[in-house]
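Given these sequences and hints, build the entire structure.
There are 2 protein chains.
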Amino acid sequence: MANIKDVARAAGVSTATVSAVLNDSAYVSPDLRSRVLAAIRELNYSPSLAARSLKRGRSQLIALVVADLANPFFSRVVWAAEAAVAAWGYSLVVFNSDEKPEAEQRILSRVRMLSCDGILLVPVGDTTQHPRRESDSKPIPTVLFGRTVTDNSSDSVTIDNIAAGRQATEYLLDLGHKRIGSVTGPLHVTTGRGRLDGMLAAMKARGLAPEPHHVRSGEFREDSAYSVARSLLEQPDRPSALYAASGVMALGVMRAIADLGLRCPADISIASTDTIPGIGGLRPRLTRTEHPLVDMTNEAVRLLVDRIRRNDQTESRNIVFQPALVVGDSCAPLRQESAAAGP
Amino acid sequence: MANIKDVARAAGVSTATVSAVLNDSAYVSPDLRSRVLAAIRELNYSPSLAARSLKRGRSQLIALVVADLANPFFSRVVWAAEAAVAAWGYSLVVFNSDEKPEAEQRILSRVRMLSCDGILLVPVGDTTQHPRRESDSKPIPTVLFGRTVTDNSSDSVTIDNIAAGRQATEYLLDLGHKRIGSVTGPLHVTTGRGRLDGMLAAMKARGLAPEPHHVRSGEFREDSAYSVARSLLEQPDRPSALYAASGVMALGVMRAIADLGLRCPADISIASTDTIPGIGGLRPRLTRTEHPLVDMTNEAVRLLVDRIRRNDQTESRNIVFQPALVVGDSCAPLRQESAAAGP
DNA sequence: TAAGGTGAGCTAACCGATTAGCTGAGATAG
DNA sequence: CTATCTCAGCTAATCGGTTAGCTCACCTTA
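Sequences listed follow chains A and B, in order. 20 is the number of the first residue of the first sequence in this note's numbering; add one for each residue after it. 20 is the number of the first residue of the second sequence in this note's numbering; add one for each residue after it.
Please note that the accuracy of each hint is not assured.
In this list, chains with the same sequence are indistinguishable; a pair is considered to hold if it fits within one copy or across any two.
Claimed, not checked - DSSO-like mimics (lysine-lysine), calculated; alpha carbons at most 27 Å apart, straight line: (1) LYS223 to LYS24; (2) LYS74 to LYS197; (3) LYS24 to LYS74; (4) LYS74 to LYS119; (5) LYS119 to LYS157; (6) LYS24 to LYS157; (7) LYS157 to LYS223; (8) LYS197 to LYS24; (9) LYS223 to LYS197; (10) LYS197 to LYS119; (11) LYS157 to LYS197.
I should point out that these hints are in silico values taken from the structure, not numbers from a laboratory.
See the structure below:
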């Protein structure tokens with residue numbers, strides 16, 4: 020593989036001149052410039068980012084560390100982040116901590132070795148010893164995405180989880196439901212906790228509260244939601260509506276309903292926060308709150324690149340996006356209890 | 020940030036000894052070894068992969084270049100590839116060519132600059148000028164995934180697309196369908212072409228052929244499949260069954276059916292190749308052929324790492340996986356045409 | 001004409017690892 | 001006692017770029 024010296028020799032110039040042409044970092048006469056460009060093409064030369072980043076101290080790499088790559092929500096984050104990062108001239112290195120704090124630690128030290136210029140982090144949860152660089156040296160610029168941690172000193176981009184839980188629940192309440200249950204995410208994660216809090220707040224505002232055994236939490240996974248929903252619904256006094264805390268959880272709840280021979284929304288209504296894209300042709304269509312995922316990702320990358328470029332240690336910025344309710348047909352008005360017909 | 024010299028100084032040894040401890044590349048006495056390890060911990064030292072890869076000529080990076088990151092199928096590939104690659108000690112850099120040949124070229128040259136050790140490539144299609152390193156230097160080890168290109172000299176891991184199209188179509192034929200249509204992918208892509216060929220072969224084997232205007236191709240996207248399916252179904256002589264060439268396309272077809280006020284499978288049956296995971300709770304459940312995606316990805320990474328390690332230029336290996344039919348309830352037996360009742 | 005200024009392009013140090021080759025102490029053998 | 005061998009550990013070159021600082025030809029200006 021040709022290197023900068025080969026190019027310099029072929030063009031009859033110094034390596035400094037080649038470098039100047041490559042980076043537009045100094046004036047080079049048209050004659051030399053074109054000789055250099057010709058030599059580059061001739062030798063099929065491409066500069067080594069390893070050498071460049073060793074010297075410059077930055078790698079043009081951004082790490083995306085996600086808590087669960089199998090979750091389609093985070094898959095979309097990968098998609099959006101790749102595009103955003105590429106637009107700024109960076110490349111995206113993707114990691115999956117799989118909701119495991121130890122894995123997250125391993126990944127963060129790997130990210131450090133790679134000397135990534137920045138980190139987009141969906142933290143595992145509050146059990147995490149946060150990416151606090153133990154020692155003196157200043158930490159790698161980091162933006163928390165989707166979730167935060169309590170001792171947060173990093174930038175973050177999240178949604179208003181409480182509003183998400185509240186909006187979905189209020190929709191159910193407006194349909195007349197009173198016995199509402201919830202299949203929530205893990206409560207040590209802000210998205211799990213916040214959405215449940217929003218759900219509870221919405222009920223409380225109407226003087227209601229869910230039966231304790233109608234509120235169950237599981238992992239943010241389809242199979243976990245399935246078994247939680249199933250055991251919840253197998254009890255005799257099942258709720259008339261359920262709030263599912265995420266898109267994949269809603270799918271698990273749906274499968275549990277189907278497997279129990281129940282119908283949605285006839286027997287039970289479902290509202291959720293988030294969904295899986297593209298399933299609008301299947302029935303029922305979920306009623307859910309949605310996140311502006313692309314905007315959120317773009318904003319996160321913008322914050323990150325901004326902090327990389329001017330590494331001033333300004334106060335951390337925490338951007339909160341609002342969810343929006345999208346009505347499908349997974350919810351029905353509460354059926355009148357037994358015979359409550361007219362006169 | 021501490022470097023190897025700082026560690027050497029702190030431990031009172033040479034950098035060569037520190038390097039030997041780091042890489043277990045030479046015997047170091049227990050005394051010195053522990054002093055080195057203590058210094059490393061003390062200084063919170065982590066070796067620079069940039070320097071290491073400059074010297075060693077390999078970066079421990081593997082590039083995953085995908086034709087459409089928005090497609091949930093490739094999202095799952097990202098998930099599986101990240102895990103496989105990490106298990107071999109590599110990190111995964113993800114790129115999206117978005118089905119654009121120019122973008123693919125840009126990405127491949129970027130991959131070269133990053134001196135990635137290997138490439139997992141889902142090529143855009145046969146329009147691509149393949150990653151043929153124009154010049155002398157030997158090419159970066161590459162494994163084609165899912166799709167191949169005609170002048171293929173790389174390793175590849177694919178499914179038997181013809182079998183996939185055939186199996187799904189045979190299922191429809193066995194249910195008595197004769198007027199079968201197809202919403203296929205782009206025909207310059209092997210997955211699009213092959214699946215259609217399989218569909219046609221299955222029909223031909225029974226002495227049938229689809230109406231030409233019942234076979235339409237679109238992009239591997241939900242919206243594209245939606246509009247293709249919609250215009251196909253709006254014609255008066257619509258088919259009684261459709262084969263959809265991918266998971267997202269099947270979803271688009273479903274949405275078209277729903278929007279046209281038709282019912283699946285009552286009015287029209289759907290079989291597809293591939294699906295979206297987790298939607299088993301929604302109706303109808305797709306009848307489809309499935310790929311052993313995780314096995315395929317593991318195999319692809321294994322091939323790639325193997326070629327990286329021992330860079331012998333053995334013949335290229337092309338591994339083909341077989342699809343498997345999974346029956347849902349999106350297909351019904353053909354209703355008897357008009358009145359064909361008993362005596 | 002001499003002093004000073006300008007600027008294109010070059011030389012060489014440097015980034016932080018790895019590693020070939022060297023050193024020198026201690027063991028072994030004759 | 002000396003020659004030889006062994007091997008832990010060191011020195012210094014090297015990977016391929018970037019860039020501070022220098023050189024030197026040419027242009028102004030007094």
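Hint by hint, here is what the structure shows:
1. When the C-alpha separation of LYS223 and LYS24 is checked against a cutoff of 27 Å, the pair qualifies neither within a copy, at 73 Å, nor between copies, at 62 Å.
2. With identical chains, the CA atoms of LYS74 and LYS197 are never at most 27 Å apart, being 64 Å at best within one copy and 67 Å at best between copies.
3. Proximity of LYS24 and LYS74 under a CA criterion of 27 Å is satisfied in both settings, with 16 Å inside one chain copy and 16 Å between copies.
4. Proximity of LYS74 to LYS119 under the C-alpha cut-off of 27 Å is found in neither arrangement, the shortest distances being 35 Å within a copy and 34 Å between copies.
5. In this assembly of identical chains, LYS119 and LYS157 lie within 27 Å of each other by CA distance solely inside one copy; the values are 25 Å within and 40 Å between copies.
6. For the identical chains of this complex, LYS24 and LYS157 are inter-copy neighbours only, at 20 Å across copies versus 35 Å inside a copy, given an alpha-carbon limit of 27 Å.
7. Taking the shortest Cα distances, LYS157 and LYS223 never come within 27 Å of each other, neither inside one copy (45 Å) nor across copies (68 Å).
8. For the identical chains of this complex, LYS197 and LYS24 are neighbours neither inside a copy (76 Å) nor across copies (68 Å), given an alpha-carbon limit of 27 Å.
9. Taking identical chains as interchangeable, the C-alpha atoms of LYS223 and LYS197 lie at most 27 Å apart only when both belong to the same chain, with a minimum of 11 Å there against 58 Å between chains.
10. For the homomeric pair LYS197 and LYS119, neither the shortest alpha-carbon distance inside one copy (37 Å) nor that between copies (52 Å) is at most 27 Å.
11. Taking the closest pair of Cα atoms, LYS157 and LYS197 never come within 27 Å of each other, the shortest separation being 52 Å inside a single copy and 69 Å across copies.
Comparing the model with each earlier hint shows violations of hints 1, 2, 4, 7, 8, 10, 11; every other hint is respected.
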